[in-house]
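Between the sequences and the hints, there should be enough to build the whole structure, so can you do that?
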Amino acid sequence: MITLSSDFGSPYPAAMKGVICRVTDARIEDIAHDFPRQDVRAAAFWLTQTLPYFPPAVHCVVVDPGVGTDRDALVVRAGEHALVGPDNGVLLPVARELADDETDGADDVEVFTWAYDDPASTTFHGRDVFAPAAAAVHDTGVDTVETRPETAPTDDYADLRFPDPAVESDGATGEVLVVDDFGNAVTNIPGEVLADRFGGTIEVDGRDAPVRRAYAAVDRGQQLVTIGSHGNVELAVNRGRGDEAFGVDVEASVTLSL
Amino acid sequence: MITLSSDFGSPYPAAMKGVICRVTDARIEDIAHDFPRQDVRAAAFWLTQTLPYFPPAVHCVVVDPGVGTDRDALVVRAGEHALVGPDNGVLLPVARELADDETDGADDVEVFTWAYDDPASTTFHGRDVFAPAAAAVHDTGVDTVETRPETAPTDDYADLRFPDPAVESDGATGEVLVVDDFGNAVTNIPGEVLADRFGGTIEVDGRDAPVRRAYAAVDRGQQLVTIGSHGNVELAVNRGRGDEAFGVDVEASVTLSL
Amino acid sequence: MITLSSDFGSPYPAAMKGVICRVTDARIEDIAHDFPRQDVRAAAFWLTQTLPYFPPAVHCVVVDPGVGTDRDALVVRAGEHALVGPDNGVLLPVARELADDETDGADDVEVFTWAYDDPASTTFHGRDVFAPAAAAVHDTGVDTVETRPETAPTDDYADLRFPDPAVESDGATGEVLVVDDFGNAVTNIPGEVLADRFGGTIEVDGRDAPVRRAYAAVDRGQQLVTIGSHGNVELAVNRGRGDEAFGVDVEASVTLSL
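Line by line, the protein sequences give chains A, B and C. Heads up, the first sequence is in our numbering, so the first residue is 327 and it goes up one at a time. Heads up, the second sequence is in our numbering, so the first residue is 327 and it goes up one at a time. Heads up, the third sequence is in our numbering, so the first residue is 327 and it goes up one at a time.
FYI, nobody ran anything at the bench for these hints, they're computed from the structure. As the structure is a prediction and not an experimental result, all values here were calculated from the model. All C-beta atoms, glycine included, are put in the ideal place defined by N, C-alpha and C. Hints may contain errors.
[What the hints assert, rightly or not] With the C-beta cut set under 10 Å, the calculated list includes, among others, these residues of chain B facing chain A: (1) D333; (2) G335; (3) S336; (4) V345; (5) R348; (6) D356; (7) G394; (8) R397; (9) T449; (10) D454; (11) F524; (12) T527; (13) V574.
[What the hints assert, rightly or not] Which chain C residues stay away from chain B? Per the calculated CB distances, all over 12 Å, these: (14) R367; (15) Y442; (16) E570.
If you want it as structure tokens, here you go:
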């Protein structure tokens, strides 16, 4: 199986699918093609929320503001999965999770550069570099990707780590990592800080908000603080947009006071 | 085959696909993931317009404003199809249509609760409850879903019926069920009321509008009344938005005078 | 394989998929369902950018402002591919490219009308005419499509050609064919006119702009002129919208002065 993720919108991903279908009959599943445009950190976050649910696969990821510059193309092996994409850090957080899933952690993330000839375009390496690479890696097999002539092991690559929250006994400070399509503001603060608060309230940036397990546990249009499906603290509104109600956007600082 | 329908936007449905792919190689087809958010009736309507065209399949439907509350998860058998989703009525209208297609009607809709352990999240039962249930039902087979330990027959479930229009000899009054992506306002008034009117006009909320079979039968930007692909009266504009031109939105009352 | 392209948005394409799945187990891949609404030329352009990357397939294309009028349904054979869609020109540009790919050019584009009985709807021929036709053509095989009773060869069909740019020794004048999801304005001016300009500037509608191979070769928010993945001159902004920065939209005239 090959999965596709990008910020391409439509219809560019279709050309990538065609390129892959010419090489292999592998099943193709779309993760998303509407990742926030050229936002490497947001894409890296969403990949951690989706790819670990898949069986072993080759994951082709193209969020690539540096397309056409001299940044490398990478193949990352993580457990029984392979990731193919640009060398800008987008592949690394999910690679660590995929490796953790399978074995004993980040030691099992192996990074390779993928050598490519001058591609047909300088603006669409999804079609001209990454889709062919993903099809080739799938064809060869994740286990033996190092036998491909295009690959060379490297430890000189861009990494990306999500910012660490500051968690204290009397509260926590973090930031908004992404806002999802519902308007839920997903922070980097671990959900555990809410542990004893369900049914009560917590102070968010100085104002009290109810802590609940379900959106529908508050009235329509009311704010709540919950643990999202990612395990982090999420600022939400029942049937509304948490980002607007809490006045936050991506990278906004969020302080919870217990 | 497993189909997926939700109001999740992107990229949450990808996690559902991954969960399913870990259990079964079944083909997955997306119906839509942009149903009007948390609008159970709209989703129920669109399911009646799409699922009956499919061969027998397991249809996983997650429009679920009550996620994380104590509402049940349901499996509904309808003819050779099964539907999996929350107990809020969203599955029932299409279940009746799927059963009608196959045999002799609503008697053949069988509803089961689906017992689930505490899921990993309280906010994403699509991933943690309904996708696993759909994969399990597919694996077991629609015919023998009652043999699954998680299922129990029930007749205590939320139903949903579309509002009945009032059709008289001199006109009809109904309401707008949904507005589609083109801006066509789909009413609950049966298309038959237009039978003898094609080529002429009809009074909509007091103003005359042409009755035509094709959008392009009026000039660009002009209003028309037609029978949509659902068989109902539709308020439209050739290459424009009918909802705006007729000044209607979902749940707006519509009166046709013959 | 059957591919689907339309301007239907969601969820109408799902009904088309269901119709096809009832006839054949063929793999279905979506090209796009958000082509600019009822814009036959834009759809024709995007098809040339996507379908030629696919292996032999049946391509079902429904951008059809004339639905329900007496316009014909067509099946077009181009090399080992077949295209199915309305007789409004949308199929022809890509058909010529698909034929070129395979053999010796436009001579190998064969156009057939596809006879259909009164369909179930006058507004959704994607579901009621074109999806069944695509499934039937796939079932019969592209090679023998003329043996289907519904087909009749024709040379009386709507064609569509993209406007020719005026390329002179001291510059070129063309127009914007489409604006992509990134905001890149794709012109009909061949990229070759930029050949010696990379690293320098060019005058676009009287104002100088840098000519670069990569978006990231200029600062964030800065304009550039590049060769897009289609091979044509593209007006862009690094991490921004070229259409807004250059003040152009579809069909806008663009003059480059060398």
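Which hint numbers doesn't this structure obey? Violated hints: 11, 12 and 13; rest satisfied.
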